[in-house]
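Asks: Numbering (this note's numbering), first residue to last: 549 to 703.
Derived from the structure by calculation, the hints contain no laboratory data.
Errors might be hidden in some of the hints.
Claimed, not checked - Subject to a maximum C-alpha distance of 20 angstroms in a straight line, what follows is the list of computed SDA-like cross-link-like pairs (lysine to any residue):
no. : residue 1 : residue 2
1   : Lys680    : Glu610
2   : Lys665    : Phe698
3   : Lys680    : Asp656
4   : Lys665    : Glu689
5   : Lys671    : Tyr648
6   : Lys637    : Asp656
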Amino acid sequence: VNGWKVARWRGKLSNEARIDLIFPGTKWCGSGNIASNFTDLGTSSAADSCCREHDNCPDIIEAGQTKYNLTNNSFYTKLICKCDEEFYKCLKKNNDYTSYEVGLVYFDVLGTQCYKKDYPIVKCRKSNKVMKRCEDYELNESLEKKWQWFDVPVY
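Construct all of the structure, not just a fragment, from the sequences and the given hints.
Replies: Right under this line is the structure:
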């Protein structure tokens, strides 16, 4: 799953230090994939299909990379919010154990951020104190939209 890819962040991690985790029963859910080809899915094919789509998100910012005037200072890849939103919906509609576990780890444990072009954030209107993230933002619609980071939803 893109977002779990732990890069050689600014050259500080060797290839041996990369974290490679693939969820049991899947070939696409984790850092990278172990699929032999695009159609190769694990026994948990519903979750795996969601992860495969997420892995192929066309708009990402890798660790240490700058794009749209945003620098990803995390050790993992961040995605455009549309891809994370689609991933969330895909996992939720599956309503199975593996999808639940993948969603829990990606959205709640990793608790990453995504990016999108929207009106400037004024403040967080509603925060989830347990998960330490913003669930609803107040935006300034009188200004031009700009690229910025947003917290992913709680799963």
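Asks: Please go over all the hints and tell whether each is borne out by the structure.
Replies: Hint check results:
At most 20 angstroms may separate the alpha-carbon atoms for a hinted pair to count; Lys680 and Glu610 exceed this at roughly 23 angstroms. At roughly 10 angstroms between alpha-carbon atoms, Lys665 and Phe698 fall within 20 angstroms of each other, so this suggested pair holds. Among the hinted pairs, Lys680 with Asp656 is consistent with the structure: their alpha-carbon atoms are about 10 angstroms apart, no more than 20 angstroms. Taking the CA atoms of Lys665 and Glu689, the gap is about 12 angstroms. The hint holds against a cut of 20 angstroms.
Among the hinted pairs, Lys671 with Tyr648 is inconsistent with the structure: their alpha-carbon atoms are about 30 angstroms apart, more than 20 angstroms. With a CA separation close to 15 angstroms, the supplied pair Lys637 and Asp656 stays within the 20 angstroms bound.
Checked against the numbered hints given earlier, this structure breaks hints 1 and 5; the rest are met.
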